[in-house]
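If you read the sequences in order, they're chains Z and X.
Numbering of the first sequence is given in the numbering used here, commencing with residue 22 and proceeding in unit increments.
Numbering of the second sequence is given in the numbering used here, commencing with residue 1059 and proceeding in unit increments.
Hints in this document: simulated from the structure, not taken from any laboratory.
For clarity, every value in this text was computed on a predicted model and none was experimentally measured.
A virtual CB, placed ideally from N, CA and C, is assigned to each residue, including glycine.
You can take every hint at face value.
A few chain Z residues that face chain X, going by a derived Cβ cut-off under 8 Å, partial list only:
{"no.": "1", "residue": "452"}
{"no.": "2", "residue": "467"}
{"no.": "3", "residue": "471"}
{"no.": "4", "residue": "474"}
If you want the ones that stay clear, here's a sample from chain Z, every Cβ over 12 Å from chain X, calculated:
{"no.": "5", "residue": "100"}
{"no.": "6", "residue": "249"}
{"no.": "7", "residue": "317"}
{"no.": "8", "residue": "440"}
So the derived label-pair ranges between C-beta atoms look like this:
{"no.": "9", "chain 1": "X", "residue 1": "1307", "chain 2": "Z", "residue 2": "475", "range": "48 to 56 Å"}
{"no.": "10", "chain 1": "X", "residue 1": "1152", "chain 2": "Z", "residue 2": "124", "range": "52 to 60 Å"}
{"no.": "11", "chain 1": "Z", "residue 1": "475", "chain 2": "X", "residue 2": "1184", "range": "22 to 30 Å"}
{"no.": "12", "chain 1": "Z", "residue 1": "408", "chain 2": "X", "residue 2": "1189", "range": "38 to 46 Å"}
{"no.": "13", "chain 1": "Z", "residue 1": "447", "chain 2": "X", "residue 2": "1276", "range": "32 to 40 Å"}
{"no.": "14", "chain 1": "Z", "residue 1": "475", "chain 2": "X", "residue 2": "1213", "range": "21 to 29 Å"}
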Amino acid sequence: MTSVSTRDLVSQPYKYGFVTDIATDKIAKGLSEDVVRLISAKKGEPEFLLNFRLKAYRHWLTLEEPDWAALGYPAIDYQDIVYYAAPKQPQEKKASLDEVDPKLLETFEKLGIPLNEQKRLSNVAVDAVFDSVSIATTYKEKLAEHGVVFCSFAEAVKEHPELIERYLGTVVSSNDNYFAALNSAVFSDGSFVFIPKGVECPMELSTYFRINSGDTGQFERTLIVAEEGASVSYLEGCTAPMFDTNQLHAAVVELVALDDASIKYSTVQNWYAGDENGVGGIYNFVTKRGQCRGARSRISWTQVETGSAITWKYPSCVLQGADSVGEFYSVALTNNCQQADTGTKMVHVGPRTRSTIVSKGISAGRSSNSYRGLVQMAPSAKGARNYSQCDSMLIGDQAAANTYPYIRSQQPQAAIEHEASTCRISEDQLFYLQSRGIGFEEAVSMMVSGFCRDVFNQLPMEFAAEADKLLALKLEGSVG
Amino acid sequence: MIRPDAELLLEISDLHASVEDQPILKGVNLQVRAGEIHAVMGRNGSGKSTLSKVLAGHPAYRVTAGSVRYRGRDLFELEPEERARLGVFLGFQYPVEIPGVSNLEFLRVATNARRQSRELDELDTFEFEDHVREKLQVVQMDPAFLERSVNEGFSGGEKKRNEILQMALLEPVVAILDETDSGLDIDALRIVAAGVNQLAGPDNATLLITHYQRLLDEITPDYVHVMAAGRILRTGGRELALELEQTGYDWVDRELAAQGVA
Ligand SMILES: Nc1ncnc2c1ncn2[C@@H]1O[C@H](COP(=O)(O)OP(=O)(O)OP(=O)(O)O)[C@@H](O)[C@H]1O
Ligand SMILES: [Mg+2]
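Make a model of the complete structure from these sequences and hints.
What follows is the structure, encoded as structure tokens:
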């Protein structure tokens, strides 16, 4: 971390804010049963999927938008959103990158995700999703040699319909909650990962989500299945252009881990957060849940949440298999007028299940940052254990931090441990660093990354440094 | 070592400063030339630490009058980090703890910031480890302290050694050491004093804030100043410190009364 790189960062507040000018196939604004059918038809989906969507849509109509989170925003007009937008390109996704519109390749290159053979990341396979569709997936052949399926959701529906039918909606059902139901009705694209029995995925998998259109909602759907003894590490990244309107993003992610399987899911979320007065930015309502279905299985969520005007997100684990393990490591940073209500749910069902929660919230500016977590012990969870640690850091005196830990235990022998702390970066600490030649912004970012280290240590190597830089960038001008 | 023709490093003229609108410094005058060691003494609350923090640029202290020139430049036009990079060093009376920030990484970033301004190459992680191990010997500090967070859980004496380690790494032009001797055991005092002596040279200067003659037995000052009520009341040679050991500060009240300050 040199002072030069900090300056570089500081000079470009949100460097992903550009819009790609590309011909788009968009349907008209609004939501109805016909729109749901149209989306399904455009994707040429089998009947079971159309029925899944319709059932979800009909259920969604009966639901009310939740209001229990510590979030305030104007009502969302669901009829004012485009539910399907795709860059115009030949109907079928082509096997070769040569056939992808160069403008799209250029966009991802600008985002630091080169897709072509020469430049692509060496040990990471990438699925690139642009608005509602996946435009390219790298290293597919190499992965296929190991029996690993990594492709867009739409492609999986065509090529592995039996897997989709078997697992879709089994972790997050289509009537789970308001936003999950909406997603189930209109989801566009996303990634599908299948790691067969006994296979350790030979490389890091990653999906990069890019919202481009100003009036389009993004509703991606990700499904990851690790069979017995399989393991995979998956990373999700996201950015969006700067618009002065708000875009809705309501994703669903489902993870399934069978006996002895392990899934590590990391997110670096950097959707556009709005300007310093809170104009624009993404509304991020996401349902992420993993099910440790098998004995000794393990699911680990690591998230670095820095973007979005509104974040509503609780990556959770249902620990069903005996001795299964759930983990949640989170850094949520809010600045300016951002609002985040995020945390996790650890539902212990199986005996001797274990979970760890480490949450680091950083609030600067006039932002509000809440941790909301539930630890639940079912009567069957004999000998289960949970450890939670929730730390908040305040920068300046106008930011808010809240912690809402809920504990529900029906198992007297389960052990639940919760620790919480709040700190403020003090003038004397900053002065100490400054008096050693360390610039103000860098001093802040050193302290912040120190505060987040336990979480950053969980990120795949390549992304830990990125996360550090991202936080420094986001805190620009927030202190003093 | 007093050399009248040596470079004038620090020139403090009629310095006034307040904290929370309360005047603390009330006209400090002091000139420091290269090669000199100055001891600053005086009662608790007389303004010694305030002077050191004003020189280092602490934001809580407001300069209300007077000036400080550092090597010909207006010191107050420089941010605290710029002062540090240009060679002003403050060894704190109460070094703060910074949880989560690795001491080693902190020392490396600080060292490189200073090196950059001296147009020296930055040291990478490996080069720095070698470099810092050498400097650790100056203060006879255990390398284990590098692995911990900055000052976190350090004992009083360990914090002070960490300050001198930073001084050894930053090679300051003007080092202000605010009661670096307090809280040290007898052996540690000798080690720290030896470190300061080793780092003092013809091109730099040291301002030692201390209450005790025992430090001045180890480090021979060229000048001894006594601060009272926000000013330097008296300046002498090393014998002034010895005299204070005998007489204490009673004369200060009489002198202040005579001057109508009290
Ligand atoms: N941040 C502050 N807020 C309020 N008062 C302060 C502050 N800093 C210094 N003072 C006051 O200024 C006066 C001088 O304090 P200073 O720390 O400079 O004394 P000192 O000479 O270093 O004393 P000691 O020998 O005890 O270290 C004291 O009365 C102190 O209470
Ligand atoms: Mg003092």
